[in-house]
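*Asks:* Given the coordinates of chain W, assemble chain X onto it according to the supplied hints.
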Amino acid sequence: MNLQVLPKGALVEWIELLSARYRVIGPKRKQEVVQQQPGCDTQQPPREQYIFGELQGAHELELSYPSTILPPKKVFLPQKEELFSFKDNGHQVDLQLEERRTVIFGIHACDLHAVLLLDQAFGQGVVDQHYMARRANTTLVSIECLEPCSENAFCKDMGTWIMPETFDLHLTDLGHEYALEIGSAKGSELLQNLTNIRTATETDYWRFNQVISAKWARFPYRLEADLSELPSLLAISYRSQVWEELGQQCLGCGTCTAVCPTCYCFDVVDEVNFDLTSGKRFRVWDSCQFGQFASVAGGHDFRNSRAARLRHRFYHKFKYQSDSFGLAGCVGCGRCAEACLVNIKPIDVINKLHRKRVAVSGKRQEVMG
Amino acid sequence: MSLPLIETFSTTSAYLPLVARIADVRPLTQLEKLFTIELPGDLSLKHAPGQFVELSVFGVGEAPFSISSSPSRSNGTFELCVRQAGQVTDALHALGPGDAVGVRGPFGRGFPVRRFRGKDLLFLPGGLGLAPLRSLINQVLDERSNYGRVIILYGARHPSELLFQDELALWSAREDIEVQVTVDRSDGNWQGHVGVITTLIPEVQLYAPNTVAFTVGPPVMYRFVLVELLGKGIREGNIWLSLERRMKCGIGKCGHCQINHIYTCLDGPCFPYAQIKRLEEAL
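Chains W and X, in that order, give the protein sequences. Using our numbering, the letters of the first sequence correspond one by one to residues 1496 to 1864. Using our numbering, the letters of the second sequence correspond one by one to residues 80 to 362.
Just so you know, these hints were derived from the structure itself, not from any lab. What you are looking at is a predicted structure, and each value in this text was computed from that prediction instead of being measured. It is possible that part of the hints are untrue.
Stated by the list, open to error - Just the calculated beta-carbon pair ranges, DEER-fashion:
1. Thr1661(W) - Gly165(X): 40 to 48 Å
2. Gly227(X) - Asp1796(W): 33 to 41 Å
3. Arg236(X) - Arg1734(W): 32 to 40 Å
4. Val104(X) - Asn1799(W): 31 to 39 Å
5. Leu122(X) - Ala1680(W): 38 to 46 Å
6. Leu1771(W) - Val104(X): 19 to 27 Å
7. Asp178(X) - Phe1820(W): 37 to 45 Å
Said to hold, decoys possible - Covered by chain W, according to a simulated footprint, are these stretches of chain X (three or more residues, beta-carbon under 8 Å):
8. 94 to 100
9. 133 to 143
Note that the Cβ used here is the ideal one computed from N, Cα and C, for glycine as well.
Chain X on its own, in the form it takes in the complex:
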């Protein structure tokens, strides 16, 4: 079990957050905002795509968030896409540029994408799952020539819930990326595909032995996406997922994120399917 280099850690207590500043807040949908966090001094997060941080609103509490920005585009700042869904996120949504937040991390294991140079990459974010996968996608795009095809299949419940719409438009416009977007339910103006994310998979022509898939979404999505991907012939070790758990401490102590004997905060949150398929409780 190897731990990532933890740059922002206090040497005196692993629970002591570093005080950082909100540099920018951008609303993405009704429920989600994108926060740009600026670390003090010359510090940089040095994260891997798929890792997470513990973010504190002092006086309210601390919660884990996956990092949404690519390491290749972080310069003393990083981005978190946060859905308003509880106490800490309620408080966070009330904050603006200049406000202080606490940061611990980065924690966990990310996606080892550089291991897959030359491979065709298939990304399947569902809903908020685009937040961590955006970090990976942008890193891949910044070293585009190292990889084969890049295919993005993105599903959301409703057109109003689509995240990063400006970036989606940029990706769609590029010749070297194949992008498809679907929504579960349409509204009057939606011109695109309607149906759950798994309905997009059969249409895609893949060369399975050379394909690595990355999927992040709600637990129920994994079961169906996995069936489709395995059906396409993609190897179990080449299907990567990120498991959501309540990672309270981030350092393998508090017990909340345990899946059997595994601590999601240390051994995950990113796993190849081959590693977790026999873990009870994982999916």
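Isolated chain W, as found in the complex:
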């Protein structure tokens, strides 16, 4: 490992340098228009929220953010994306592939694990060139999480709180400076013309190791089942009453899938111009939680209840993707729990299933109730 050190003050110069060559995206505060709602308790300050957005300068970059509303998948898989435009009833087609070079700053470990999963999904079998073009043109700058970001996060359980070695550049906060690891040629390209950077000394390595080893104790385990047990736990819980109960609660709004860093289901829709012979074909986010998602032309819906749809999502995350990619489909970021309007939380669901199935001793029953 070849560690570099960059003073925090040098970020201004760095972002400026990069902005000339790249579209620079990073975590920043959401610009909120706070409206006075009649009858609303205005004493309560609005919750601080963060987004991945295009940076106008280093002053906007919030590298010590807890989590963002949407994960960085929106850069690789925009909510609405033009696949191609057509003229003359399709005889002339103009393909849209991303050409802009982009840097994403401040990616957390969970979100980087999620990008790995998306790479698998879009890269295996028939390659999705639209995703791959964006991915190839994007450089990922991750940042080490030193504290848990939310009580809904269970990254330690999912094994995603440690950075996978697929970053291009990786930052670790050392107080007044960042330790910088270079993961790829794409990453080291970002350091061109940067004057304030220096190679780490022995003391820097010591400080770096101190910071990293202090992490372990700060992150709690929140699942009662081990990651390796989850596929089999679900395999024996298909007909559990839990799904019916959750189906009663769930509103089917699809918020969980929108904020999920590993959800990538989509629909393809056409928009036609006034001449009726030209138009565009778009890919748009879809959700397995919507009614009609699994229905066919005759009207038959193969997943016709909220319980069945919710169960499908949990199985996809904790069983099916483990079965097909060898990677769990959930990275434990907790965004879905944060965003759910009726407080359905994966930690609670998994623990509930586990408690129902675990061979309970009298003692354990006492503790768990």
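*Replies:* Coordinates of chain X only, in the frame set by chain W:
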């Protein structure tokens, strides 16, 4: 998981359709038309019976259709039997010869019929299920001597909904095919059998160990047909079905056609019953 050879794919984007031309449109019933699609240049679809294509009407959208013509009879063209049942099919039904459509595919796994040379073949199409099975039946008929008995049991809801009536008549007239047709409800002129398709099965004399069955129809039909076929002693691996799902992208990405961990567009749509019997949500 092996993918079929995709001849019509664009090298630049898997979502970019090839522009093809409608060569012919033939009405089959009130709701269904048979479209003959001609590919540009020297391209040919090279599909297997049971595979499907994604067909685009530019400006309206794209939908999956199983291929109705036999590979043995395709020469730069292929046929789709399309029921008017939604936006894309409404638009398609308004098109005529010469109009442009987009084609992607062929996708999925078809019926591996050549694996069953020497076997007795039992075909059970229900309603629109004849569209994909016609592809298979005609391929078998074009190499008839490779197979044992060929038995076709076809069921439709009403005589007016019977598809490919001219071909049915030709098949019935042949000595080397056993054809029976039934309708759920009769009209005044119907002389044939009345009753759901499962009522035809007990009458058929089969040598089960040498029989392979192919059935395509609406989801509700499968449950009853399976009971009858298994009751006849046909092996689970020798009963083939085609599962209908909303295969939006055709390449295992969009998520719409998932049955548990399986993508119908990649692993199916044709499956032996043995492979899907333990899949929740499949039937």
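*Asks:* Decide, hint by hint, whether the structure agrees.
*Replies:* Hints, verified against the model:
| no. | hint | in the structure |
| --- | --- | --- |
| 1 | Thr1661(W) - Gly165(X): 40 to 48 Å | holds, 42 Å |
| 2 | Gly227(X) - Asp1796(W): 33 to 41 Å | holds, 40 Å |
| 3 | Arg236(X) - Arg1734(W): 32 to 40 Å | holds, 34 Å |
| 4 | Val104(X) - Asn1799(W): 31 to 39 Å | holds, 34 Å |
| 5 | Leu122(X) - Ala1680(W): 38 to 46 Å | holds, 40 Å |
| 6 | Leu1771(W) - Val104(X): 19 to 27 Å | holds, 20 Å |
| 7 | Asp178(X) - Phe1820(W): 37 to 45 Å | holds, 42 Å |
| 8 | 94 to 100 | holds (count 4) |
| 9 | 133 to 143 | holds (count 7) |
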